[in-house]
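Student: Could you build all of it, start to finish, from the sequences and the hints given here?
Keeping their order, the protein sequence lines are chains A and B.
Note that the working numbering gives residue 199 to position 199 of the first sequence, counting from 1, and the numbers run on in steps of one.
Note that the working numbering gives residue 387 to position 387 of the second sequence, counting from 1, and the numbers run on in steps of one.
Treat the hints loosely; a few may be bogus.
Unchecked claim - Straight-line Cα separation of at most 30 Å, DSS-like style, residue types lysine-lysine; simulated pairs: (1) B:117 <-> A:129; (2) A:46 <-> B:463; (3) A:230 <-> B:562; (4) B:117 <-> A:141; (5) A:46 <-> B:171; (6) B:398 <-> A:129; (7) B:562 <-> A:6; (8) B:86 <-> B:502; (9) B:223 <-> B:324; (10) A:141 <-> B:95; (11) B:83 <-> B:419; (12) B:117 <-> B:95; (13) B:463 <-> B:86; (14) A:141 <-> B:171; (15) B:314 <-> B:220; (16) A:149 <-> B:37; (17) A:46 <-> B:95; (18) A:40 <-> B:463; (19) B:314 <-> B:347; (20) B:85 <-> A:141; (21) B:86 <-> A:141; (22) B:463 <-> B:398; (23) B:463 <-> A:82; (24) A:40 <-> A:6; (25) B:502 <-> A:6; (26) A:141 <-> B:324; (27) B:314 <-> B:86; (28) B:419 <-> B:398; (29) B:418 <-> A:141; (30) B:419 <-> B:314; (31) B:85 <-> B:220; (32) B:85 <-> B:95; (33) A:129 <-> B:447; (34) A:129 <-> B:463; (35) B:418 <-> B:223; (36) A:129 <-> A:82; (37) B:52 <-> B:37; (38) B:502 <-> A:118; (39) B:37 <-> A:230.
Simulated from the structure, these hints should not be mistaken for laboratory data.
Each chain, written out:
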Amino acid sequence: MRFIRKTNIDFMSQLRLGFILSGSVILAGLISLFLQGGPKLSIDFKGGTLVAVSFTEEMDINSIREALSDVTIGETHYDFSKVEIKHFGGLNNISARIPSVEPEPDNLGQAIVNHLYKSFPGKVPPNTKDFLLEIEKVGPKIGAELSGKAVMAIISALGLILLYISVRFEFKFALGAIAALAHDVLITLGIFSIMDYEISLSVIAAFMTIVGYSLNDTIVIFDRIRENLKVRRRDSYQDVINSSINESLSRTIITSLTTFFVVFVLWLFGGEVIHNFAFAMIVGVVVGTYSSIYIASPIVVLLHEKQATK
Amino acid sequence: MNKKLTPRYIVIALVLIWAIYALWPTIRYHTLSPDEKENLRANGTLQELEAKTIKQGLDLKGGMYIVLEVDIPTLASNLATNKDKKFEHALTEAKSQLSSGSPDIDFFTILGQIAEKRQIRLRRYFNEYGATNNEVLNRLRDEANDAIDRVLEILQNRVDQFGVSEPTIQKQGNHRIVVELAGIQDTQRARALLQNTALLEFYIVKSPEVVNDLLIRIDKILKGSSELDELALTEETADTTKPKEEAPVSEDEVVSVSELFGEETGELSEEDTTADTSVVVDKRLFEERPFSSLLRNLGNDIGVPESNVYAVNKILALPEIQAKLEAENGQFMFGNEPEIITDAGGKRERLYRLYYLERDPELTGGVIEEARATIGGQASGASGQPVVLLDMNSEGAKQWARITGSNVGRRVAIVLDKKVHMAPNIREKITRGGTQIEGFANMDEAKDLAIVLRAGALPAPVKIIEERIVGASLGSDSVRKGTLSVLVGLALVLLFMVFYYKLAGSIADFALVWNIVLVLAVLASLGASLTLPGIAGLILTVGMSIDANVIIFERIREELRKGKTPRAAIDAGYDRALTTIIDANTTTIIAALVLYQFGTGPIRGFATVLFWGIIISMFTAIFVTRTIFAAITQRKGITRLSI
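Tutor: Written out as structure tokens, the structure reads:
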């Protein structure tokens, strides 16, 4: 069976349309990022404490807020009613993010868990170890370091990939690929900002995977272009690229489909911990497929034309 | 290539046999019944088996991941002698610059800069005659590195004795230590065990006459001191932050307390201790005897009501009191736990003992050779109570004999991390070096103390700067959901491939299943743990490694459309697709390697799986499938290919 018969779509004539579409999505993302003062970073990068606990019945956020308005740790009273409190997975589960306080008691996370346990007798499991889901505490200094590392990771990955493609193909292909990557990451970042999702360490890992995946897609097309350029020396550059995209189109769509299946399943069944990661991957797969056709290849054409007119 | 299939069969068979061999312990372990497990545990072979299975990461098994930072400024301060104001100020400034500055800055460099600016000669404080500041700093750096290695070793010892399966303790960077404890339930206890400096000291307690005399003098110093008013004021403002339970008696003043020197009161098991945090002190008495009015009599000792601890600490920290104590060569220290005293009126009060000790310790815990927790014997004062018995080395025993011998009749305070555990009377000279520490809430506490004393004191305090605890229930939830996702994702892809590529699709499916089995086999033999992001990586591998087959099959279809025979189409398809697949996979491998390099913990798990998934997919999706195709087309008369 075949989904895609021999196609002959003139992708290069839709170039302007693609640029406008991408440009407006990126712009919307940038506006959202600007309005919110940058991406919404998780405690991995900002520092702070996250606790997640599991009650035996559905909990109302406001009652948790009330309970957290007076937490005693040691002999000091804290008011945590203003912190971000959310359901964590199901309605029984609650997570709270507490920004760093100075001076921070050593056992802040545990103290909050204990406080919540005591505040709702009858609504908690008999064993405290079934109550605690998760505590994460990141010192502000570590947070700053992790941000630095994440930025370094993305920059060095891009650098290495640029180098690899320059060696294997041509520099203009590398530029096209990198432009497509920047496009994918920008759009995912923008969508995260619009959806008010957090950027955590695992989302950064998803970004890196998007980078790898999107490149995978781009390179398969580039490879076909390289092959066709060798054989069809008389045809115009634009035509060669166009038919190369068409020839690899069915592969592009089938692979994107299988990858989309699995990340969608992960998003659906993977649970709360991995939810944002899977969401980033879904966006990445869709955008990555699109960008290898509508961003990477057109940029190669544009660069080639510029070269030729010189 | 048709004639040369046998070597290919052999390679494939060897790899498959190896995979089953590598995975066998995992399969066996998970199919064991609880009874069989118990049997193996009794044989002692269970651990051996466990070591060969695929480990679950902390996020799946539940457990804690802690990053500790060695407190370098405190270490420097501990090493220094003849400390004066100038030095203390420089240290404070260096500390604040360290916390605000970039993470790569070295504390000693900052200290050097400050010393340079203020023209402080560091050799004065570190007994280095004729050394320049830089030489002193270099020596301090060596000391610090040495201290971190010792901390690492000591923590290793403590954790080993705590009895956690497969703990990992690693140095990270210059002054950090990462501790991973899987499957741990009592996180508070583990945290205390790691952070406890376990500095054991023995001090001689000053006589009651000296103490009485001192109390009167402190009262005198405070009377008319302007800072006293300030103190009273801060107490009042501190009090407004919490609801008052009752109106204070007219003549009296409510004094609140907000510090219990780090005693943890938030424990779940503990009864509620924070009901009443204010105490009533007679105002006239307070004016007349500002210090001693805060205290109570507790046998031969001073008792401080829990609620007055904050005020007492504040008064003791006043510079003029500190100067007085220094001149007297003494210091105050609290007991480790409050005692509940019922007074004549039936009112229960929680009192901390306050001891006045010599300024310098007679002996420190370095001489401890053996420490063990047990139940106190009939003869001792702590019969039936948990105690820790200490044995000293010969040097320590000698000193201990000298100290006890020359101080018969006086009291010696046994101090752990600046808290007095007990202060018994010395009845006679102790020659053997044995001694006993009492005053534990329960046996676990005594056991943990014995562990930390055996392992030795930390040369510098450690701070928790990052902590991740995953409860067991969330972990098993993640395992369930992760497994479900893998199975559903895999099923979808497998079905799609058969549906779309028919026979060729099922060949690819066969390769894909082997791809996953091989990734798991590699994980098992590397001893790498499977994390939740790792499972995500596995799912992604399913989606992405099928790509190689898609590229090949699409190519074969193209060649078939050009009118080639199945065999020629297969050969051409594989040959042409090979470079594409290698180029495309290399970029994903680059991303995985970078992730591994920069990521920590779970993220590394993801990178590992992604990396091996792609490497192995090149074997399964190209080598294995091609061999199968070759075997099929070898049969004569094949004119159609099911693709």
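Student: Look at each hint and say if it fits the structure.
Tutor: Quick rundown of the hints versus the structure:
no.	hint	verdict
1	B:117 <-> A:129	53 Å, violated
2	A:46 <-> B:463	18 Å, holds
3	A:230 <-> B:562	19 Å, holds
4	B:117 <-> A:141	26 Å, holds
5	A:46 <-> B:171	24 Å, holds
6	B:398 <-> A:129	48 Å, violated
7	B:562 <-> A:6	13 Å, holds
8	B:86 <-> B:502	83 Å, violated
9	B:223 <-> B:324	15 Å, holds
10	A:141 <-> B:95	13 Å, holds
11	B:83 <-> B:419	23 Å, holds
12	B:117 <-> B:95	16 Å, holds
13	B:463 <-> B:86	26 Å, holds
14	A:141 <-> B:171	18 Å, holds
15	B:314 <-> B:220	16 Å, holds
16	A:149 <-> B:37	43 Å, violated
17	A:46 <-> B:95	21 Å, holds
18	A:40 <-> B:463	28 Å, holds
19	B:314 <-> B:347	26 Å, holds
20	B:85 <-> A:141	28 Å, holds
21	B:86 <-> A:141	28 Å, holds
22	B:463 <-> B:398	35 Å, violated
23	B:463 <-> A:82	27 Å, holds
24	A:40 <-> A:6	45 Å, violated
25	B:502 <-> A:6	20 Å, holds
26	A:141 <-> B:324	39 Å, violated
27	B:314 <-> B:86	23 Å, holds
28	B:419 <-> B:398	25 Å, holds
29	B:418 <-> A:141	28 Å, holds
30	B:419 <-> B:314	17 Å, holds
31	B:85 <-> B:220	26 Å, holds
32	B:85 <-> B:95	15 Å, holds
33	A:129 <-> B:447	22 Å, holds
34	A:129 <-> B:463	25 Å, holds
35	B:418 <-> B:223	29 Å, holds
36	A:129 <-> A:82	27 Å, holds
37	B:52 <-> B:37	15 Å, holds
38	B:502 <-> A:118	60 Å, violated
39	B:37 <-> A:230	64 Å, violated
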